[in-house]
Amino acid sequence: MIEAKHLSKRYGKKQAVNDISFTIKTGKVTGFLGPNGAGKSTTMRLMLGLDNGGGTTTFDNKHLYDYKQPSKVVGILLEAKAFHPTRTARSHLKILAAAGNIPDGRVDEVLDIVGLSDVAKKKPGKFSLGMSQRLGIAAAILGQPKYLILDEPANGLDPEGIAWLRQFIKEYASKDNAVFVSSHLLSEMAQMADNVVVIGKGKMIADTSIKELVSGSAHTSVFVRTGKLANLEKALKQQKATFEKLDGGLKVGGMTTDAIGKLAFEAGIPILELANRNASLEDVFLELTEGEQEYKAHSQKGGK
Amino acid sequence: MLPTLKSEFRKLFTIRSTYVIIFIVLALVALMCFYFEGYRGNTGSAASKLAPTALQEIIGNAAGIGALFMAIIAVLFMAHEYRYNTIMYTLTANTRRTKVLLAKAFTIAVVGVVFGVLIALFGLGSYMLGLQLRDATLPTQNFDLLTQLGKVAIYYGAYALIGLIIATLLRAVVGAIVVLLLVPTTIEPLIGMVLKEKAVYLPFAATDTIMGASAIQNGNLSSNGAIGVTAIYLIVVGIITWLLFLKRDAN
Chain R
1 MIEAKHLSKR YGKKQAVNDI SFTIKTGKVT GFLGPNGAGK STTMRLMLGL
51 DNGGGTTTFD NKHLYDYKQP SKVVGILLEA KAFHPTRTAR SHLKILAAAG
101 NIPDGRVDEV LDIVGLSDVA KKKPGKFSLG MSQRLGIAAA ILGQPKYLIL
151 DEPANGLDPE GIAWLRQFIK EYASKDNAVF VSSHLLSEMA QMADNVVVIG
201 KGKMIADTSI KELVSGSAHT SVFVRTGKLA NLEKALKQQK ATFEKLDGGL
251 KVGGMTTDAI GKLAFEAGIP ILELANRNAS LEDVFLELTE GEQEYKAHSQ
301 KGGK
Chain V
1 MLPTLKSEFR KLFTIRSTYV IIFIVLALVA LMCFYFEGYR GNTGSAASKL
51 APTALQEIIG NAAGIGALFM AIIAVLFMAH EYRYNTIMYT LTANTRRTKV
101 LLAKAFTIAV VGVVFGVLIA LFGLGSYMLG LQLRDATLPT QNFDLLTQLG
151 KVAIYYGAYA LIGLIIATLL RAVVGAIVVL LLVPTTIEPL IGMVLKEKAV
201 YLPFAATDTI MGASAIQNGN LSSNGAIGVT AIYLIVVGII TWLLFLKRDA
251 N
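In the order they appear, the protein sequences are chains R and V.
Those letters in the first sequence? Residues 1 to 304, per our numbering, in order.
Those letters in the second sequence? Residues 1 to 251, per our numbering, in order.
Only chain R is shown next, with the shape it has when bound in the complex:
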């Protein structure tokens, strides 16, 4: 388990990260969400001791600097293009292998895993963003670490690459490892992550499971359709439920399907359709980070 406690970082007058604490559980994929400029990358760097700031991060109750071979504890991908452009992909990984006291033979293994064996002797300066991400992932898993910390690893990957990454991350975590991954692709995150940490303007917003996060959203509702709409409206009003008309039925908030079914049965109202309408992770994310954006676009006015 990774435990980050009271992480904080200030750049001059700006508090980039403000007393953030969370845990990353073994066997799980934990997503890290936040608007641009929320402090996600800074938080990851603080966790690794790359930035000097407040707070502590322990990996299985030990600080990273207490491990003799940190490369076997945590693998990182913080920037896709973090390599010398004229050093071959294989040489780049061999340098990292040497630093982590990892056998050189592992280099070809990881190149094969990420699908870069054919370009192992190529200089990565001209790699596409997707290929660079794969090289970064190869670097991260070089030491077969228990923990992976990945900052936007899906950026630049094609759909096939994204599907591969999703599967890879889920499998990696399932082998008693843990993956902490940030991404702006919320639909991907919804499919990939078990838990999620959400921050905004450097502050903690949520640290929970995706399931709990989505079910607790104001956007989660129940859709109900009946031939006796007026009767159902009356029954719901008596229950002080909130609802609105939608697609020939009602969208009811704050009640479960069970409760609505029971209510309709007791009132003698035939139900034609009754279904949960879960909020998407995007709905929840926008709901949670409302007003927490560092940079916000405004709609165009007076266009031609």
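It is possible that some hints are incorrect.
Unchecked claim - Mimicking BS3-like on lysine-lysine, the simulated pairs with C-alpha atoms at most 25 Å apart in a straight line are: (1) V:Lys-6 with R:Lys-68; (2) R:Lys-68 with V:Lys-99; (3) V:Lys-247 with R:Lys-14; (4) R:Lys-123 with V:Lys-6; (5) R:Lys-121 with V:Lys-6.
It is worth saying that the hints were derived from the structure and are not from the lab.
These numbers come from a predicted model, not from an experiment.
Starting from the structure of chain R, add chain V where the hints point.
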């Protein structure tokens, strides 16, 4: 520490710029020592005139040509870590920053020493070959090869560390190279106009005095004294660099 050292040596010898710079230095040394001093013998120097100090001068000249290039290799070695952000891998593979900096200093200093000695020997060999083609014979030389090579080794080791220190402090390739080129050729001579004979104690002037190659000639500093002054500079600025390396964010 050994894995970090291995990694640092690999970094140095897996990029093209290291080889390009070595090739440029070898070409310049060959041009100077083989062609102008040995084969043509028309520079008017002690070496071209086949004086008893010819070999000593050749070693000094060859060393002088390559020292700044050695510092540039060191600058690229360190500054590229920041430019390409590979420093984050370096500092997570070994989370002890002091060890990382020591490994880098050791690596570049060793490479500097070896490079310096090889350049000096290459200069000597080129000169002798030039003399042979000129059909010239040297008189008995007033010269201790080991002492000269020892000075070259220290001189190059010092320049390598200077490059590393400047790059670690500035973290920018262009900025570090500009400082490296501007300070010894312009800034120090300008300060020297004020300091006069004491200008020889300025950092680059003192380092160049190890080989008797300082642009500031009117000082009264021996070669051994210059080694001492250079060592003091390296230790003091090295400690400041180390403290900043510990204190600053990785990049």
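Comparing the hints with the structure gives:
Between Lys-6 (chain V) and Lys-68 (chain R), the direct Cα distance comes to roughly 16 Å. Compliance with the 25 Å bound is thereby established for this hinted pair. In summary, the hint linking Lys-68 (chain R) to Lys-99 (chain V) is supported, as the alpha carbons are separated by about 13 Å, within the 25 Å threshold. The hinted pair formed by Lys-247 (chain V) and Lys-14 (chain R) meets the criterion: a straight-line CA distance of about 19 Å does not exceed 25 Å. For the hint linking Lys-123 (chain R) to Lys-6 (chain V), the alpha-carbon distance of about 21 Å falls within 25 Å, and the restraint holds.
Straight-line distance between C-alpha atoms of Lys-121 (chain R) and Lys-6 (chain V) comes to about 20 Å, which keeps the hinted pair within the 25 Å bound.
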